[in-house]
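J.: Take the given structure of chain A and dock chain B to it, following the hints.
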Amino acid sequence: QKEVEQDPGPLSVPEGAIVSLNCTYSNSAFQYFMWYRQYSRKGPELLMYTYSSGNKEDGRFTAQVDKSSKYISLFIRDSQPSDSATYLCAMTTTGGNQFYFGTGTSLTVIP
Amino acid sequence: KAGVTQTPRYLIKTRGQQVTLSCSPISGHRSVSWYQQTPGQGLQFLFEYFSETQRNKGNFPGRFSGRQFSNSRSEMNVSTLELGDSALYLCASDPSGTSGKETQYFGPGTRLLVL
Numbered sequence: 002q003k004e005v006e007q008d009p010g011p012l013s014v015p016e017g018a019i020v021s022l023n024c025t026y027s028n029s030a031f032q033y034f035m036w037y038r039q040y041s042r043k044g045p046e047l048l049m050y051t052y053s054s055g056n057k058e059d060g061r062f063t064a065q066v067d068k069s070s071k072y073i074s075l076f077i078r079d080s081q082p083s084d085s086a087t088y089l090c091a092m093t094t095t096g097g098n099q100f101y102f103g104t105g106t107s108l109t110v111i112p
Numbered sequence: 283k284a285g286v287t288q289t290p291r292y293l294i295k296t297r298g299q300q301v302t303l304s305c306s307p308i309s310g311h312r313s314v315s316w317y318q319q320t321p322g323q324g325l326q327f328l329f330e331y332f333s334e335t336q337r338n339k340g341n342f343p344g345r346f347s348g349r350q351f352s353n354s355r356s357e358m359n360v361s362t363l364e365l366g367d368s369a370l371y372l373c374a375s376d377p378s379g380t381s382g383k384e385t386q387y388f389g390p391g392t393r394l395l396v397l
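Order-wise, the sequence lines are chains A and B. The opening residue of the first sequence carries number 2 in my numbering; numbering runs sequentially from there. The opening residue of the second sequence carries number 283 in my numbering; numbering runs sequentially from there.
Check each hint, because a few of them may be wrong.
Just a sample of chain B residues kept apart from chain A, beta carbon distances all over 12 Å, derived [to be verified]: (1) Q323; (2) S333; (3) L363.
Quick partial rundown of chain B residues pointing at chain A, CB under 8 Å, derived from the structure [unchecked claim]: (4) L325; (5) S368; (6) T385; (7) G389; (8) P390.
PhoX-like mimics (lysine-lysine), calculated; alpha carbons at most 25 Å apart, straight line [what the hints assert, rightly or not]: (9) A:K57 <-> A:K71; (10) A:K57 <-> A:K68; (11) A:K3 <-> B:K295; (12) A:K3 <-> A:K71; (13) B:K339 <-> A:K3; (14) A:K3 <-> A:K68.
These are calculated hints, taken from the structure and not from any lab test. Glycine included, each C-beta is placed from N, C-alpha and C at the ideal position.
Extracted from the complex, chain A is given alone in its bound form:
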């Protein structure tokens, strides 16, 4: 079983839709949870990170962590064509000795 599981998609939505991206994990020691966006032929770009459980909002993006279910989500409101990219979840322990990425979900927002 992989440490982090992420549905690869692809996911295609109309402009303005709410997008939900999810990851599950198996290691209860993970404490930091990150979401990255990666455009084609570019390096991943950090969108936001959350420590432990709870929600965090930044503009149109909301990250949620449910440690009891080992499940994290990223919601994108009012999706735009410029949001079309691959979204990667990542997580690490407090000491950072274990750091794992999901395989990424490909998102296309259709104008």
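T.: Relative to chain A, chain B alone:
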């Protein structure tokens, strides 16, 4: 402030050769991590350097090695290249100074093709 830079951006090598990739972190960042990204395995952590010392290491064979210089610039070396080493190699720098990776910033990557 300039971002993380990596050189070269593209590289073609043949099996058995070795390769050295370079990474310059964001000014003031002392931690540099390296990752391998492939379509099948996604992003996998190779190793992390902080203050010229390897601080963490992923599950890669000893053919993969790295080092960090006093100016925080880092190099990664892969010896005896195999076809399966074809990948995008990403470098990331972290300003936090702790070994958590929650605020790391990635470079554009070096795309390596092994023939």
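J.: Please go over all the hints and tell whether each is borne out by the structure.
T.: Against the structure, the hints come out as follows:
no., hint, verdict
1, Q323, "8 Å, violated"
2, S333, "15 Å, holds"
3, L363, "22 Å, holds"
4, L325, "4 Å, holds"
5, S368, "15 Å, violated"
6, T385, "7 Å, holds"
7, G389, "5 Å, holds"
8, P390, "5 Å, holds"
9, A:K57 <-> A:K71, "17 Å, holds"
10, A:K57 <-> A:K68, "14 Å, holds"
11, A:K3 <-> B:K295, "31 Å, violated"
12, A:K3 <-> A:K71, "13 Å, holds"
13, B:K339 <-> A:K3, "18 Å, holds"
14, A:K3 <-> A:K68, "17 Å, holds"
In the structure shown, a violation is registered for the earlier hints numbered 1, 5, 11, in ascending order.
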